[in-house]
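Engineer: Let the hints inform the model, and build the full structure from the sequences given.
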Amino acid sequence: MSTPTLTDADLVERYAPLTVDKDTADFYRGWAERELRIRHCTECGHTWLPFRPICPRCWSFAVDHVVVQGDGTVHLMMLLHQGPPAPGVDYTTGPYPVATVEFADHPGVRLTATIVDARPEDLVVGRAVSLTWFERNGMPHPAFRPTEVTR
Amino acid sequence: MSTRNPLKDQIAIAGIGSTGFSRSSDVSGLELLVRASVEAIRDAGLTAADIDGVVVPGEPGGVNPGVLATALGLPRVTHFARPVPVAMFSMLDAVHAVHSGACDAALVAFPYLRLPWNSRSAANDPFRRHLAHGVQAVPESIAMAPAYAAWASRYLAEYGVDRDGFGLVAVNMRSNAARNPLAAITTPLTLDDYYAARMIREPLGMLDMDLPVDGADAFVVTRAVDAPDVGRPQVVVHAITTGLVTPNDEDQVPCLDRHSQHIVLDTLRAKSDFWIDDADVVCLYDGFTVITAGWIENLGWAPPGGTADFLREHWVAAEDRVLVGGRVQINPHGGSLSEGATRGSGHVREAVVQLRGEAEGRQTPDARTALVCTGGFFFNSQGLTLRRA
Ligand SMILES: [Zn+2]
Chain A
1 MSTPTLTDAD LVERYAPLTV DKDTADFYRG WAERELRIRH CTECGHTWLP
51 FRPICPRCWS FAVDHVVVQG DGTVHLMMLL HQGPPAPGVD YTTGPYPVAT
101 VEFADHPGVR LTATIVDARP EDLVVGRAVS LTWFERNGMP HPAFRPTEVT
151 R
Chain B
1001 MSTRNPLKDQ IAIAGIGSTG FSRSSDVSGL ELLVRASVEA IRDAGLTAAD
1051 IDGVVVPGEP GGVNPGVLAT ALGLPRVTHF ARPVPVAMFS MLDAVHAVHS
1101 GACDAALVAF PYLRLPWNSR SAANDPFRRH LAHGVQAVPE SIAMAPAYAA
1151 WASRYLAEYG VDRDGFGLVA VNMRSNAARN PLAAITTPLT LDDYYAARMI
1201 REPLGMLDMD LPVDGADAFV VTRAVDAPDV GRPQVVVHAI TTGLVTPNDE
1251 DQVPCLDRHS QHIVLDTLRA KSDFWIDDAD VVCLYDGFTV ITAGWIENLG
1301 WAPPGGTADF LREHWVAAED RVLVGGRVQI NPHGGSLSEG ATRGSGHVRE
1351 AVVQLRGEAE GRQTPDARTA LVCTGGFFFN SQGLTLRRA
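Protein chains in written order, with my numbering: chain A, 1 to 151; chain B, 1001 to 1389.
FYI, nobody ran anything at the bench for these hints, they're computed from the structure. Ideal placement from N, C-alpha and C gives every residue a C-beta, glycine not left out. It is possible that some hints are incorrect.
[To be verified] Now the stretches of chain B that chain A is said to cover, found in silico as 3 or more residues with beta-carbon under 8 Å:
#1 1142-1149
#2 1198-1204
#3 1244-1258
[Stated by the list, open to error] Partner residues are not named here, just some residues of chain B that face chain A (Cβ under 10 Å, in silico):
#4 Ala1137
#5 Val1138
#6 Pro1139
#7 Ala1152
#8 Ser1153
#9 Arg1154
#10 Ala1157
#11 Glu1158
Structural biologist: This is the structure we're talking about:
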């Protein structure tokens, strides 16, 4: 989806109830373009999430973003048998998987998202996963799917 | 790291009060709060005119310190604060206020209410409808409570263990609660019951989570030299601290070997003249079972992942609970899992009761020292050592 006309107000409204503010707008603009951005320090190269305006390592304010390719490993894995309501999430049909994934190309930087197209045995700590996207309220949201591996 | 501790043994927890805890109270949060407060002030041998500090944590359904001061008719207050929830933020505020001279006698009062989002009966109570404005979360987040289920998955995978350690924590708390008249739930619990309980956020289920209750705890904090002699041993704060690792976002915390509990324990140990092996009373937070496992292991009682083996080694089968070294109870009051979800004020109160020698059927003989660790892994880890003066 190309979103050159997406105003700040549109972004805030369409990603509610997520907190889109001055610090995180660039992160969610990335989502709208199916691009997973993480904060990057142009002085020392440090990368981190969530978006904050200063590099915690060198205190540079010269921060921009880099786009992650999205391959990673499940670091934390939770199955929600009940939880907050969301469009497309029906806890009565089975638990909803929520994983925290650490990116292979940015060790220590993690994103929490659901996992799609997974068999039960894929929903475990240590599973290799890749980034994908799904739509909610007409807007792209990140998710992971098990990486095809030679079995 | 500051190892200074100029308040060591100077500040007393001179009064305690508690309503006890239930899942069916129909009085207001304010009434619970004032009942516990009046009991604590009288217990300290003081009156309204003596109380010039008021600290009330910002619990959902709680009140501002000004409301409590007005309800109690406190004539003159010079220190008041509304710290974020979890016990030691408020205790530490009061201890510092008294030590610095901001006030002479601080009332610290903790309100707890079942809320529409954690209790079905509360959701049906019209008088609690105004409490329904929680932060709207999305499923794809581990912020706040879900973080403990997420990190429990890491614990189980990284250490290659089953949930027995978590289950034994839950069983221990229930067995202890049976000896505590303030406890909300005392029906016996087995490890089989634990495993049979409904999953909520797998790998954690109903019995890994603390019990939403109505009730209140209150404390009066003074200088030890100012505390009236009411004919019982005085309990003094030996050391108190909080700890914060970075990053502390729930999904970015470094690892199970490096989170906020480690900072608390390093600091508390450096400020204290005694440590775990010399603690007669040990209260460890159990808002989720995995938090207790974290404290047990980070205190050095067990190696990483070793909570189940440690609890089994010290398990007293006849009492269905743990007595470390045949003597030291963990949460003699039953903890947040079974006394009720007090966010740690119950743990502080129990330590005081034990050090006074007033714990009756659950009293540790000749208890002189206590170690209390409250909060979890991220932004509310805290520690306290107490001693009988
Ligand atoms: Zn930098």
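Engineer: Compare the structure with each hint and give your call.
Structural biologist: Hints, verified against the model:
1. Residues of the region 1142-1149 of chain B with a Cβ under 8 Å from some Cβ of chain A number 3, which satisfies the need for three, so the listed coverage holds.
2. Counting residues of the region 1198-1204 of chain B whose CB falls under 8 Å from any CB of chain A gives 6; the rule of at least 3 is met.
3. Here's how the region 1244-1258 of chain B fares: 6 of its residues keep a CB closer than 8 Å to some CB of chain A, so the rule of at least three is met and the hint holds.
4. A least Cβ separation of about 4 Å between alanine 1137 of chain B and chain A falls short of the 10 Å threshold, and the interface hint therefore holds.
5. For valine 1138 of chain B, the suggested interface contact is upheld, since its CB lies about 6 Å from the closest CB of chain A, less than 10 Å.
6. Given the 10 Å rule on beta carbons, the hint for proline 1139 of chain B holds: about 5 Å separates it from the nearest Cβ of chain A.
7. Here the hint on alanine 1152 of chain B is kept, as its CB sits about 8 Å from the closest CB of chain A, short of 10 Å.
8. Here the hint on serine 1153 of chain B is kept, as its CB sits about 5 Å from the closest CB of chain A, short of 10 Å.
9. For arginine 1154 of chain B, the suggested interface contact is upheld, since its CB lies about 5 Å from the closest CB of chain A, less than 10 Å.
10. The criterion of a C-beta within 10 Å of any C-beta in chain A is met by alanine 1157 of chain B, whose closest approach is roughly 4 Å, and the hint holds.
11. Annotation: glutamate 1158 of chain B was flagged as interfacial toward chain A, and the flag holds, the nearest CB pair being 8 Å apart, inside 10 Å.
Checked against the numbered hints given earlier, this structure breaks none of them.
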